[in-house]
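Once you've looked at the hints, dock chain B against the given chain A.
Number of protein chains: 2
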Amino acid sequence: MRYIGKQEIEDIAVGAALLGTGGGGDPYIGKLMALQAIEEFGPIKLLDVDEVPDDALVVPSGMMGAPTVMIEKAPSGEEAIGAFKSLEEYLGKEVYATMPIEAGGLNSLLPFALAARLGLPVVDVDGMGRAFPELQMVTFYLDGVSATPLVIADEKGNTSLLKTINNVWAERIARTSTIEMGGSVMMAIYPMNGRNLKESGIHHILALEEQIGKAIRLAKQEGKAPIKEILQLTNGHELFKGKVIDVNRKTETGFARGTATLEGLDSNLGQELELKFQNEHLIAKTKERVLCVTPDLIAVLDAETGLPVTTEGLRYGARCVVIGMPCDPKWRTEKGIKTCGPGYFGYDVDYRPVEELVLEGVKTIG
Amino acid sequence: MRYIGKQEIEDIAVGAALLGTGGGGDPYIGKLMALQAIEEFGPIKLLDVDEVPDDALVVPSGMMGAPTVMIEKAPSGEEAIGAFKSLEEYLGKEVYATMPIEAGGLNSLLPFALAARLGLPVVDVDGMGRAFPELQMVTFYLDGVSATPLVIADEKGNTSLLKTINNVWAERIARTSTIEMGGSVMMAIYPMNGRNLKESGIHHILALEEQIGKAIRLAKQEGKAPIKEILQLTNGHELFKGKVIDVNRKTETGFARGTATLEGLDSNLGQELELKFQNEHLIAKTKERVLCVTPDLIAVLDAETGLPVTTEGLRYGARCVVIGMPCDPKWRTEKGIKTCGPGYFGYDVDYRPVEELVLEGVKTIG
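Order-wise, the sequence lines are chains A and B. Okay, so the first sequence: first residue is 1 according to the UniProt record's numbering, each after it adds one. Okay, so the second sequence: first residue is 1 according to the UniProt record's numbering, each after it adds one.
Just chain A, same shape as in the assembly:
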């Protein structure tokens, strides 16, 4: 157990934006909400997974919807408490702790804002090790944990408690409700016990985010780009260096979907990289080859500062380094790839681990 204060939140926010792979909600809003909650209620307890009793009830909290909407319709915090309390009341058992459901920007930080208000600890674990756009795309799902009962709540005061026969139906019904409720809602979801957490969660994810954020911060103080440190912390690979020349983005069916095109710089001169995203970056490829594919992580970093750029932050002319990082081994199983591999998102590309693709690229060039 340790306490999370303002500096830790600042670092986690940066790391979360990176593991958010361009999505997961705007980390800036999540950071402000967590910082404000610490200002009001003091530092927040962060528990290691091993500190959670096996039969303790843990309820992940977060935002569902399109981040592009979230920016214009910031959550007040009240709706998160509403969702959480409704679920606790329904389950008839006291909640022991909350946690992020995903390691995305906003959703890594919102549990801290909620925990501070409710006097609960946060557990250092999530169900993605990154961000993903749909509710069933969590490691808990791979192990048969139910997403429901779940509660979604909007800023107006409407709540919906869903119980579904499986997690894909939870995603479908919650998604259409989210759109009707204004495009983004707060949710309390995947209620589970300590045993589920230990078996199916991705451990120490907040610590990793904090390390990434700290590395970027220290590098900035020393006036250098921290790309090397980031790659070391995440076992990542540099895929491409270039500038954004085109972004095609629209919000449809509750998601921010699109394609960004980067023109190569330095060693990539004359090449073009295409990034496909649905809230998160899902595929990075040049005309010749695929460089990295979901569920492996693709992050776009500012070439100068190393700071992660969200899909909403992609601007014409921005100079970026695109990196690829291996996902958690749980995602590289058959069910994992079926759940959030390229085929699920409608891309006619086979999943291959980023380290294999990179090695092949080196061979081709070599």
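Since the hints were made in silico from the structure, they are not lab data. Incorrect hints may have been included.
Given that identical chains are not distinguished, each listed pair holds provided it fits within a single copy or across any two copies.
Using 30 Å as the maximum straight-line C-alpha spacing, the simulated BS3-like pairs for lysine-lysine come out as follows [as the list claims (entries may be wrong)]:
1. Lys214 / Lys250
2. Lys156 / Lys85
3. Lys85 / Lys335
4. Lys156 / Lys93
Relative to chain A, chain B alone:
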């Protein structure tokens, strides 16, 4: 208190189809479900509103969605029990009785099927005195009774418990969930007490349906069309006699919408009647004048048998009598007309009571 057996259900089904004004779900499916439940569990207690204690919890039950979908996806009865039990559990109070929320075909009868299975009585009351397509279009809404907490449940086993800030949001969120859940769901909605029922409900509506059904049945035995008896029981007016020459119908945003055109017979020779519907018939007009407008009731009857024809049953060549009936006085208030008058449905027509419009027509012709 009296018992409802098979003959009463048969008669109620016919009367319900008539007050369903073309919508309210297919009465045939509702009738079969109620008859089967009586076969299994015996006759069902029907209570008068005055027999319900002021503080007793009454929960209306019914179907939400497009009747055109319902025909292909008949409810099993299990989803209704699921919805009902979820709401009872949430409210933490035993339910005293159920009732129809509307006097539509299916929704007049489904509460009987549910009541038989649960051993509950049905109350002789509803919240429309007819059928309407949206959740907030009930007299309880006019008096400030909340539609939520409500539960909707599909035949697959998914349920959603909604709490909303007002009944229009209940309608919006429940409607999109219904569409996602397959187009039709069972619901337990507008939980209320005996006092609410007495003040805001439309009393003796099932008795009226039964009287209408009985009149049609007896007329058939005597080989005559019971139009006169129907008009007498409902204070109604014959608006038009003709045959269907065109039906334009589509299922969109969860509703069966469309227009039917009838060519005049007998005294209407050479005239055309246009019927506009959204699940229910909403406007009847000729080229020259408006004959009847929602919230007043428009029913299409088979010219020979007097049997009501649903909007799905409108077929090219069918010979029909179109009648108009005054709605309950609660609907003729400013809030009532705002809630379900022609303006709400997007028609540029002012509401005027059917008896006024008819009188004017007689004067014009005279």
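Taking the earlier hints as the rules, which of them does this structure contradict? 1, 3
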